[in-house]
Amino acid sequence: MKDFVDAFWENEALPALMEFGRIPNVSPAYAPNWSEEGHMDKAAEFLKSWVESRDIRGMKVELLRSDMRTPFLFIEIEGDTDETVLMYGHLDKQPPMLPWRDGLDPWVPVREGDLVYGRGLADDGYSTFAAVGAVEAALKAGHKIPRVVIMIEASEESGSPDLTNYVAELKERIGNPSTVITLDSEDRDGDRLWLTQSLRGMVNGFLTVETMPTTMHSGLATGVVPSASRIFRMLLARIENPETGHIINEIASPPLTDEFRTYAETVARDVPGFLESYDLPVGLSAAGDTLHETVANNLVRAGLEITGITGLPEAHTSGNVSVGKITTRVSVRIPPGVDPDTVATEFKRIFEENPPYGAKVTYEFQSGDWGWMAKPFTPGMAKRLSQTTQSIFGTEPGLLGVGASIPFVQIMVQHFPKAEHILTGVLSQASHAHGPNENMSVRKVKRITEFVAAFLATTV
Numbered sequence: 000m001k002d003f004v005d006a007f008w009e010n011e012a013l014p015a016l017m018e019f020g021r022i023p024n025v026s027p028a029y030a031p032n033w034s035e036e037g038h039m040d041k042a043a044e045f046l047k048s049w050v051e052s053r054d055i056r057g058m059k060v061e062l063l064r065s066d067m068r069t070p071f072l073f074i075e076i077e078g079d080t081d082e083t084v085l086m087y088g089h090l091d092k093q094p095p096m097l098p099w100r101d102g103l104d105p106w107v108p109v110r111e112g113d114l115v116y117g118r119g120l121a122d123d124g125y126s127t128f129a130a131v132g133a134v135e136a137a138l139k140a141g142h143k144i145p146r147v148v149i150m151i152e153a154s155e156e157s158g159s160p161d162l163t164n165y166v167a168e169l170k171e172r173i174g175n176p177s178t179v180i181t182l183d184s185e186d187r188d189g190d191r192l193w194l195t196q197s198l199r200g201m202v203n204g205f206l207t208v209e210t211m212p213t214t215m216h217s218g219l220a221t222g223v224v225p226s227a228s229r230i231f232r233m234l235l236a237r238i239e240n241p242e243t244g245h246i247i248n249e250i251a252s253p254p255l256t257d258e259f260r261t262y263a264e265t266v267a268r269d270v271p272g273f274l275e276s277y278d279l280p281v282g283l284s285a286a287g288d289t290l291h292e293t294v295a296n297n298l299v300r301a302g303l304e305i306t307g308i309t310g311l312p313e314a315h316t317s318g319n320v321s322v323g324k325i326t327t328r329v330s331v332r333i334p335p336g337v338d339p340d341t342v343a344t345e346f347k348r349i350f351e352e353n354p355p356y357g358a359k360v361t362y363e364f365q366s367g368d369w370g371w372m373a374k375p376f377t378p379g380m381a382k383r384l385s386q387t388t389q390s391i392f393g394t395e396p397g398l399l400g401v402g403a404s405i406p407f408v409q410i411m412v413q414h415f416p417k418a419e420h421i422l423t424g425v426l427s428q429a430s431h432a433h434g435p436n437e438n439m440s441v442r443k444v445k446r447i448t449e450f451v452a453a454f455l456a457t458t459v
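Residue numbers are given in numbering that gives the first Met the number 0: position 446 of the sequence shown equals residue 445, and the series is strictly consecutive.
Keep in mind that the hints were calculated from the coordinates and are not lab data.
Worth double-checking, as some hints may not be accurate.
[Stated by the list, open to error] Straight-line C-alpha distance at most 20 Å; calculated SDA-like pairs for lysine to any residue:
#, residue 1, residue 2
1, K324, L219
2, K41, S52
3, K1, D190
Taking the hints into account, I'd like the entire structure generated from these sequences.
Here's what the structure looks like:
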């Protein structure tokens, strides 16, 4: 299977993935006219055609469409038993996020050694090729496999608004999978299989502060007109300790349980190079006082970031003015198990109640996602994973947490609560997903494909 996977990626999958990378099919949240532009349909048709070109017995490929939803690629492959393994990936992409470094373009994939640069390759264009390639590898090697269902959605980067409807429509055809393999998460180093065990949730909202209907000369305004930027800082201090970065509201960030503390200690101990992978500049210290506290901050505590500002002029072209209205996008990651809707309601109350100086303050909830904490694997699954990863990597699987949010995971768990959920992928800090210079390690994607092939071969 290893020989097949190596040749498959070098000669067939990688060239096709790089061609796929040329399609600017930005997710609907960032491309309101996505349907008229046609890029998403083109990307979905490209993947459908590629899958149909593969010589896999008993395979059915269908591209589902709706006037109200993004396209959905649905693949069914006959198995040698009634057992079903469901695999998930997505084909939509983040916006370009310029600038990329010299010699790179988000829509012109290039390979440099082990890395292939391009938007949407590691996140998550590779998933279709890896899932199908793994099935091929197992079959070419003469193994029996379970029935395999592969779902590739096109709205993940927008929070997966279309996934629930498609899964509900296809529920009878999907059946009752014993295992759900999700190919859209992290791999720390490519030297072992890393399985994601937790995700934080998220609450996104727009916080607007307005003092005056127009800008004013700053020399005339300061000391008389309350500063909108200072009021904004005062409001943030209502939910965040500016010294530690901890969210002080217990609805959004309840005290750490013993379970969460032990979990953070385990990740800090078992995940090599956790802090080093962030490549902090010399002199910049981590936000936590200890490695354990830093890991806890990232995985099981709430954290705030301002991800966008409207109303302030560019620094190098700004004049001496006092801006009367500022809108910011406030993004708060929340611990697993915390209800994002409840947090959003609480934030609205905190921000809008008794505004400083009587300024006009509004908080508009934009979107929210639940976090997730994995259930322990059953003894049978733990044994299977151990055998499979030992055969591919020579090690036991590694368990890690991810501080980000992946909305579809909660959707999949809700629809398939009896399945064992394996969440893995090729991403790391060095992959620069969502940012400039996104890249994919060819070595990593080969190993992930080998793992899935071996897992399918040992499931039956």
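Hints, verified against the model:
1. Distance check on the hinted pair: K324 and L219 sit about 17 Å apart at the alpha-carbon level, within 20 Å; holds.
2. Under the criterion of a C-alpha separation no larger than 20 Å, the hint pairing K41 with S52 is consistent with the structure, at around 17 Å.
3. The hinted pair formed by K1 and D190 meets the criterion: a straight-line CA distance of about 15 Å does not exceed 20 Å.
Checked against the numbered hints given earlier, this structure breaks none of them.
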